[in-house]
Amino acid sequence: MRRFLVLLAILAVTAYGCTPRTIVDDQGAGAAGEAGAQGQAQDGQVTIEPISDSVSSTDVTASSGDRLTDIANRYKTSSQGVPEFGDIYFDFDSYSIQGDYRRVLDDLSSWLTSNNAILLVEGHCDDRGTREYNLALGDRRALSIKDYLLASGVPDLKIETVSYGEERPVCKDESESCWTKNRRGHFVIEVVR
Amino acid sequence: MIRAAAVTVFMGLLAFAPTARAELYIDIVSSPRKLPIAIMELEGPQGREVSDIIKADLALSGVFEPMDPGGFTERKDQDFDPGNWIGTGAEAVMKGTVEHTGELVLTVRLYDVVESRLIMEKKYRAGKTLLRPLSHAAANDIYEKITGRKAVFRTKIAYVSADGDKGYSLNVADWDGMRQRKLNVAARSLLSPHWTPDARKIVYTAQRGRKWTIYSLDFAVLKEEPLLDIKGTSIAGDFFPDGNSLALSSSVKGSTDIYVLDIAKMKLKRMTRDMGIEVSPTVSPDGKSIAYVSDRAGSPQIYTMDSMGYNKSRLTNEGGYNTSPSWSPVGDLIAFSGRNGGRNQIFTVWPDGSGLRMLTASGNNEEPSFSPDGRFITFTSDREGKRTVYVMRSDGSGQRRISPRGMEAFSPRWSPR
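Quick mapping for you: the protein sequence lines, in order, are chains A and B.
Positions 18 to 210 (my numbering) are the ones given, in order, by the first sequence.
Positions 392 to 808 (my numbering) are the ones given, in order, by the second sequence.
Keep in mind that the hints are not guaranteed to be accurate.
[Claimed, not checked] Once the Cα atoms are required to be at most 27 Å apart in a straight line, the calculated DSS-like pairs of lysine-lysine come out as:
| no. | chain 1 | residue 1 | chain 2 | residue 2 |
| --- | --- | --- | --- | --- |
| 1 | B | Lys602 | A | Lys198 |
| 2 | B | Lys519 | B | Lys547 |
| 3 | B | Lys602 | B | Lys557 |
| 4 | A | Lys198 | B | Lys777 |
| 5 | B | Lys536 | B | Lys547 |
| 6 | B | Lys777 | A | Lys189 |
| 7 | B | Lys514 | B | Lys541 |
| 8 | B | Lys622 | A | Lys175 |
| 9 | B | Lys602 | A | Lys189 |
| 10 | B | Lys656 | B | Lys602 |
| 11 | B | Lys660 | B | Lys602 |
| 12 | B | Lys557 | A | Lys189 |
| 13 | B | Lys557 | A | Lys198 |
| 14 | A | Lys175 | B | Lys602 |
In short, the hints are calculated from the structure, not lab data.
Using the sequences and the accompanying hints, generate a full structural model.
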């Protein structure tokens, strides 16, 4: 009897493990929406590492090492050895990633794939919109960044997102230069030891 | 107890024989005229306070025009004599008494000047500290007697305040802004509270740590409980009229979409599936429609759909940034915040998209919420500098601040009756 129960428990765990996580949504079509989101992010911004046909596998490793050295040279590094990637900025009411920041995200992606760390992406807005819409907009900005990083190979488990909407401005003046600073994606990296 | 302690009415309307004479009545829908009313100071301790509260309620309603007591010739201790009032312009006269008999007892009499008769006499009693709700109850009855409609003078407004480094907290005040008090709810950040249809609870979205969670607060026990704590950012919207379901937005499946939560089953039903942002759902009073914000056309605009998620249609076509819709509990209007000349203003529109009106002009005005009779709107304004909570009539008249000066206050939501 006892053995039977244990077996049942194992089966239950296995079954749970196989089931896609559908906490919500009785219609079950949510997954399609997510896949679509990533697809769209890829369409606009496929970034392929410059690997030529003739490069051998050892060379790829070397180029990845070069890239990390390059990152270490180009960014200030915290006492924990984490490069400070800085914030990336968005246009008013926009959540598309501007070309200038793709290099930062590519660097972030390379670093994350080679380091044991968790990234928290914070989405922020300026205060010109309304609070609730801005919370959703900040969330969408964080999602755009996450989608970009997923598309460039960072595992899903390494990225968390949170929106702070217009609630945590870095600058409080009513000016364009200030609003620009507040419309940002901010990165918090926690190294897993 | 947030709902004001019971104010008991132990004498109903006095019965009158059926009559063919015209009743004193003002049609608040079609008449632009205000009814001149003489509110006399009540006899007894705090009589002046009571009459001032009643007078303020009736004046704020926009339906009555309380007269200057300087012109009154009848004394408060004299019996009503129509001869004292004919020629003054007063069409109705209110008199009464306040007694302290261990509790507070208020007697109010309302006279029709033209017909020379008593049209209402009521007694109210409550604990000594409840002078204001007692007076609001009397004002409600006077309003209802003359307009034939229920007033909102005993409703409340819940809003969020910023308390410096301590973060945000929830507040509740009477509709006139008085008796403002903090509920025992604090968080790093809080969005608009939403009342259950029975006004016994409010739900709100709070950020603590790295998470936004929808909580429910039961006024009877003042205890907070998480209502929806899932992946992503979920933001509470309106309840459906039966109180069994809550409209909300959530990014649990990626980008933010509208969902309806069946509270008993804790089941979420997805209403939109767009790649962009769908947020801020508000439910029509018949429960058959939802208005919400979507940026599917490239900028945030208000849309409506039926409560099954079909028949989506764009409501706003002017302006590049329209958010925060609020459906009037009467059903005739949807208020929202729209960008106009670089600032946000409150607009109303009929649910078919016609009849657009801008109601505010000074500063930024956001987050409208209707009173239960649809005749008032509470909203956030920064016209005095800091964001504060305002109330106006739903035609834009009578705008006034109701949250304490100096307190940063926003995201107000009007209670049901």
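Query raised in the report: Hey, lysine 536 of chain B versus lysine 547 of chain B, does the alpha-carbon distance stay inside 27 Å?
Result: holds, 22 Å
Requested in this report: Could you grab the alpha-carbon distance between lysine 660 of chain B and lysine 602 of chain B and see if it respects the 27 Å cut-off?
Outcome: holds, 22 Å
Query raised in the report: Between lysine 602 of chain B and lysine 557 of chain B, is the straight-line Cα distance small enough, at 27 Å or below?
Result: Holds - the C-alpha atoms of lysine 557 of chain B and lysine 602 of chain B are around 17 Å apart, at most 27 Å.
Query raised in the report: Does lysine 547 of chain B lie within 27 Å of lysine 519 of chain B when you go C-alpha to C-alpha?
Result: Satisfied, since the Cα-Cα distance of roughly 20 Å is no more than 27 Å.
Query raised in the report: Is the Cα-Cα distance between lysine 602 of chain B and lysine 189 of chain A 27 Å or less?
Result: With Cα atoms ~24 Å apart, lysine 602 of chain B and lysine 189 of chain A stay inside 27 Å; holds.
Query - Given pair status - lysine 602 of chain B, lysine 175 of chain A, alpha carbons within 27 Å - result: holds, 17 Å
Query - Straight-line alpha-carbon gap lysine 777 of chain B to lysine 189 of chain A, limit 27 Å - result: holds, 12 Å
Requested in this report: Measure nothing beyond the straight line between the CA atoms of lysine 557 of chain B and lysine 189 of chain A; if it is 27 Å or shorter, mark the hint as holding.
Outcome: holds, 18 Å
Requested in this report: Verify the proposed pairing of lysine 622 of chain B with lysine 175 of chain A, using a straight-line Cα cut of 27 Å.
Outcome: Holds, because 15 Å separates the two Cα atoms, which is no more than 27 Å.
Requested in this report: Compare the distance between the alpha carbons of lysine 198 of chain A and lysine 777 of chain B with 27 Å, and conclude whether the hinted pair is satisfied.
Outcome: holds, 21 Å
Query raised in the report: Holds or violated: lysine 656 of chain B with lysine 602 of chain B, Cα cutoff 27 Å?
Result: Given that 27 Å is the threshold and the Cα spacing comes to 23 Å, the pair holds.
Query - Pair hint lysine 557 of chain B and lysine 198 of chain A, alpha-carbon separation not exceeding 27 Å - result: holds, 24 Å
Comparing the model with each earlier hint shows no violations; every hint is respected.
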